[in-house]
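**Student:** Modelling step: build the complete structure from the supplied sequences, incorporating the hints.
Line order of the protein sequences matches chains A and B. Numbers 1 to 113, taken from the numbering used here, label the letters of the first sequence in order. Numbers 1 to 114, taken from the numbering used here, label the letters of the second sequence in order.
Treat the hints loosely; a few may be bogus.
In silico DSSO-like cross-links for lysine-lysine, where the CA-CA straight-line distance does not exceed 30 Å [as the list claims (entries may be wrong)]: (1) B/K57 / A/K65; (2) B/K109 / A/K11; (3) A/K11 / B/K45; (4) B/K109 / B/K57; (5) B/K57 / A/K11; (6) B/K3 / B/K57; (7) B/K109 / B/K3; (8) B/K45 / A/K65; (9) B/K3 / A/K65.
If you are wondering where the hints come from, they were derived from the structure by calculation, not from laboratory data.
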Amino acid sequence: EAAVTQSPRNKVTVTGGNVTLSCRQTNSHNYMYWYRQDTGHGLRLIHYSYGAGNLQIGDVPDGYKATRTTQEDFFLLLELASPSQTSLYFCASSWGDGAETLYFGSGTRLTVL
Amino acid sequence: QQKVQQSPESLSVPEGGMASFNCTSSDRNFQYFWWYRQHSGEGPKALMSIFSDGDKKEGRFTAHLNKASLHVSLHIRDSQPSDSALYFCAASELNQGGSAKLIFGEGTKLTVSS
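**Tutor:** Printed below as a string of structure tokens:
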């Protein structure tokens, strides 16, 4: 099964802090995604990418930057963290788009105090 | 408003019972539909996909799609305690650039009691 590894598993920062969440997939998938999960909202797409150097805007991009440095690595950046960004973040990857299975990591729980 | 809406919010069934989930989308561009399952402390995992109208059966799981009404359902027969999880409906829409993104519903929490 496809492997997607996220780090860190848990992160606590203060308002205005700088946070980077990391994601690596080892299956040469083309697409990588960042979602946030909040009770009552399900999973909401922040950013996604279909290859190194590419970035697509998701549905809730405000306050987030992302960068795909290689086929394997996708980073989510919060440069001025706010309490509203406290959430459970998931990275996922897939071969293609739409009709392909997404493989998710185990998540990063971020708390912004 | 969510483009993919699920009901009910939560569901409790006895072991061996039938669990049923509903999902309605509001965007006729959606072409592919998925059910994902998330156990506590884990990431979501794909359960099954359905792309054509009608039923699709995989073991104890049956999905039904009606594209005309933009409605998809999932039924689990002979529910087991290990089926207790959060179930997400998801749909993909094709955007102008030709790439698609997967939109998830709010989820339904299933509890199967032994």
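**Student:** All hints, please: hold or fail.
**Tutor:** Hint by hint, here is what the structure shows:
| no. | hint | in the structure |
| --- | --- | --- |
| 1 | B/K57 / A/K65 | violated, 40 Å |
| 2 | B/K109 / A/K11 | holds, 26 Å |
| 3 | A/K11 / B/K45 | holds, 23 Å |
| 4 | B/K109 / B/K57 | holds, 21 Å |
| 5 | B/K57 / A/K11 | violated, 41 Å |
| 6 | B/K3 / B/K57 | holds, 25 Å |
| 7 | B/K109 / B/K3 | holds, 19 Å |
| 8 | B/K45 / A/K65 | holds, 26 Å |
| 9 | B/K3 / A/K65 | holds, 24 Å |
Hint compliance for this structure: hints 1, 5 are broken, all remaining hints hold.
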